[in-house]
Amino acid sequence: MPFEGFSSASLFAWDGWYWFGTCFAPYSSWENFLQCRAFEVWCLHIPVHDRTPFEGLIKLVEETVRFEHASSPHKPIYLVGDNFGGCLALAVASRNPVIDLVLILSNPATSFGRSQLQPLFLLLEAMPNGLHSAVPYLSSIMGDLVKMAAVNIESVLPPEQRFEKLSGLLPYLSDFVDIIPMDSLLWKLKLLKSAAAYANSRLHSVKAEVLVLSSGKDKILPSRDEAERLKNSLQDCVVRYFKDSGHNLLLEDGIGLMTVIKGTYKYRRARRLDITSDFLPPSMTELKYFSDQITGLFRVATDPILFSTLEDGKIMKGLAGVPSEGPVLLVGYHMFMGLELPSLTEGFLREKNIMIRGLAHPALFSRMFESSSSEFSMIDWVKVFGAVPVTGSNFFKLLSTKSHVLLYPGGSREALHYKGEEYKLFWPDQQEFVRMAARFGATIIPFGAVGEDDVGEMLLDYNDLIKIPVVNDLIREAISQNTLKVRDETKGEVANPNLFFPLMVPKIPGRFYYLFGKPIKTKGREDILKDKQVANQLYLQIKAEVERNMAFLIEKREEDPYRSIVDRTLYKAMYGPIEVPAFET
1 MPFEGFSSAS LFAWDGWYWF GTCFAPYSSW ENFLQCRAFE VWCLHIPVHD
51 RTPFEGLIKL VEETVRFEHA SSPHKPIYLV GDNFGGCLAL AVASRNPVID
101 LVLILSNPAT SFGRSQLQPL FLLLEAMPNG LHSAVPYLSS IMGDLVKMAA
151 VNIESVLPPE QRFEKLSGLL PYLSDFVDII PMDSLLWKLK LLKSAAAYAN
201 SRLHSVKAEV LVLSSGKDKI LPSRDEAERL KNSLQDCVVR YFKDSGHNLL
251 LEDGIGLMTV IKGTYKYRRA RRLDITSDFL PPSMTELKYF SDQITGLFRV
301 ATDPILFSTL EDGKIMKGLA GVPSEGPVLL VGYHMFMGLE LPSLTEGFLR
351 EKNIMIRGLA HPALFSRMFE SSSSEFSMID WVKVFGAVPV TGSNFFKLLS
401 TKSHVLLYPG GSREALHYKG EEYKLFWPDQ QEFVRMAARF GATIIPFGAV
451 GEDDVGEMLL DYNDLIKIPV VNDLIREAIS QNTLKVRDET KGEVANPNLF
501 FPLMVPKIPG RFYYLFGKPI KTKGREDILK DKQVANQLYL QIKAEVERNM
551 AFLIEKREED PYRSIVDRTL YKAMYGPIEV PAFET
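Residue numbers (the UniProt record's numbering): 1 to 585.
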């Protein structure tokens, strides 16, 4: 039955455990997925003694999908298939090309013909009934038992308690093979073979969007190779590779399924993706995972501290000076590789419960870097946390919904700057963002962020690398392939297309500092829209404020007795895990 909730897309799921006629909880990847209520979820359960042929299952699912499509013809329908379910989803999609379908395939069994399951037919048929559970290989159908058992164990528990709970759960999972009757297992394997053959013969007819999730430690199916084959065979296919996951990817502990869907821009409620209405803010589970697993060490190493400026010009620690009500436009300096972004985003979420919507370079959202071995990376997390391609229409939509928008006028030119260019602004000549902000009466907050020079030192930049034989050819080829442009008419340094990742060496970490300047209100400022000179004056004022904020932080950080990670570590050793103070404002 569907879950009650707001108007949402429909999702039909066929998981490997359901396929064997069982329903074991919990689902690691599904738990946060169901809690967010982004879908009306339908699950197919096939009883263990059921003998419906594959064509019969297709018709069963197809009837339900068509009924749902007739009820809501403008909504997409999601088909989530794990292993056998992947074949079923592809088969249904191939027969219904006019229905708006999105397929999520986890280690699909379309690779059955090249799998380790083939030799089992003769072996199982020759064995006496009841002895099939003695086949050691069958236990690997379960995937990574440790990861699956760890799903319900709190990560914050001490190692001794985690091991004790884990040891108690593993025997229950390992007994799974004992409850599958021999005749049912043989039937399921035959059904799997016919399903793979049917799906493979119709791949050319699949018009749906497809997201393939492949595991690196799948002992049953050659999932990684199959992901590459499907990517090349299907018309619209994206792959995410999980190198440390086993056969039953969706049952293991780790990144949730909903997170992967959002990070690959696959979630939408209509035929076309809408960046504003289709955006789902990160859940507490996602925020915790991102903070602990992705940015935790970097946050501890840099110990960021945020300051803001009140209306009267007073600077204080925290974000009290930033309005909670939008629209708000945050305009600032882009550190090397965007190192300031995670702490900035997390700071607003934790202190003000505000989701910052960043305007990012379109290259981050293109498929130029996609491959069958693309893992769920920081680029995907950027999308989970609300970033959108920097275009005029996206800027318009975000401000019109009163969002808090993050803009870096210097863009990639600042984020990939050369040696000696730390804290130097490379802004375009146009003042388009000022006029757009005034159109919606947005409050503009100029801000500065410093600390990149305290975590690394640039050894070789673009100018150095381009002089090295062989390397220069690789650089030119990479630049020529990056044809995406943000501003076609931009003049000056910001339009410099010669951007490449430099060679950096780490330092003993210092500290990151942020200062959000005094709010600049544009509400009621019609003169900004009517007079370009007035708009340009405000533009230069904002730029000067960003430079002043950085100059202030660079000067004041010299007064911070805990700027070094060594001093902060000693402080916490003495006073416990509390916030480490900084300089006086």
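Source of the hints: derived by calculation from the structure; they are not laboratory data.
Treat the numbers as computed from the prediction; the structure is a model and nothing was measured.
Heads up, a few of these hints could be off.
List time: in silico DSBU-like cross-link candidates among lysine-lysine, alpha-carbon distance up to 35 Å [said to hold, decoys possible]:
| no. | residue 1 | residue 2 |
| --- | --- | --- |
| 1 | Lys190 | Lys219 |
| 2 | Lys219 | Lys288 |
| 3 | Lys207 | Lys75 |
| 4 | Lys419 | Lys507 |
| 5 | Lys288 | Lys217 |
| 6 | Lys383 | Lys188 |
| 7 | Lys572 | Lys317 |
| 8 | Lys75 | Lys243 |
| 9 | Lys424 | Lys219 |
| 10 | Lys266 | Lys188 |
| 11 | Lys288 | Lys188 |
Simulated restraints, written as ranges between beta carbons of each label pair [what the hints assert, rightly or not]:
| no. | residue 1 | residue 2 | range |
| --- | --- | --- | --- |
| 12 | Phe298 | Glu584 | 23 to 29 Å |
| 13 | Glu584 | Leu540 | 28 to 34 Å |
| 14 | Tyr575 | Leu503 | 37 to 43 Å |
C-beta: ideal position from N, C-alpha, C; glycine also.
Verification of the supplied hints:
1. A hinted pair counts as satisfied when its Cα atoms are at most 35 Å apart, and Lys190 with Lys219 qualifies at roughly 19 Å.
2. Only pairs whose Cα atoms come within 35 Å are accepted, and Lys219 paired with Lys288 is accepted, the gap being roughly 31 Å.
3. Only pairs whose Cα atoms come within 35 Å are accepted, and Lys207 paired with Lys75 is accepted, the gap being roughly 16 Å.
4. Distance hint between Lys419 and Lys507 is fulfilled; the C-alpha atoms sit about 16 Å from each other, no more than 35 Å.
5. A C-alpha spacing of about 26 Å is found between Lys288 and Lys217, which places the hinted pair at or below 35 Å, so the restraint holds.
6. Of the pairs offered as hints, the one joining Lys383 and Lys188 is violated, with about 39 Å between alpha carbons and a cut-off of 35 Å exceeded.
7. A C-alpha spacing of about 20 Å is found between Lys572 and Lys317, which places the hinted pair at or below 35 Å, so the restraint holds.
8. Annotation: proposed proximity of Lys75 to Lys243 holds, straight-line Cα distance about 33 Å (limit 35 Å).
9. Taken as a hint, the Lys424 and Lys219 pair is broken in the structure, with Cα atoms around 52 Å apart against an allowance of 35 Å.
10. In summary, the hint linking Lys266 to Lys188 is supported, as the alpha carbons are separated by about 31 Å, within the 35 Å threshold.
11. At most 35 Å may separate the alpha-carbon atoms for a hinted pair to count; Lys288 and Lys188 exceed this at roughly 39 Å.
12. Separation of Phe298 from Glu584 is about 26 Å and conforms to the stated range, judged on CB atoms against 23 to 29 Å.
13. A hinted range of 28 to 34 Å for the beta carbons of Glu584 and Leu540 is consistent with their spacing of about 31 Å.
14. A hinted range of 37 to 43 Å holds for the C-beta pair Tyr575 and Leu503, which are about 38 Å apart.
In this structure, the earlier hints numbered 6, 9, 11 are contradicted, and the remaining ones agree with it.
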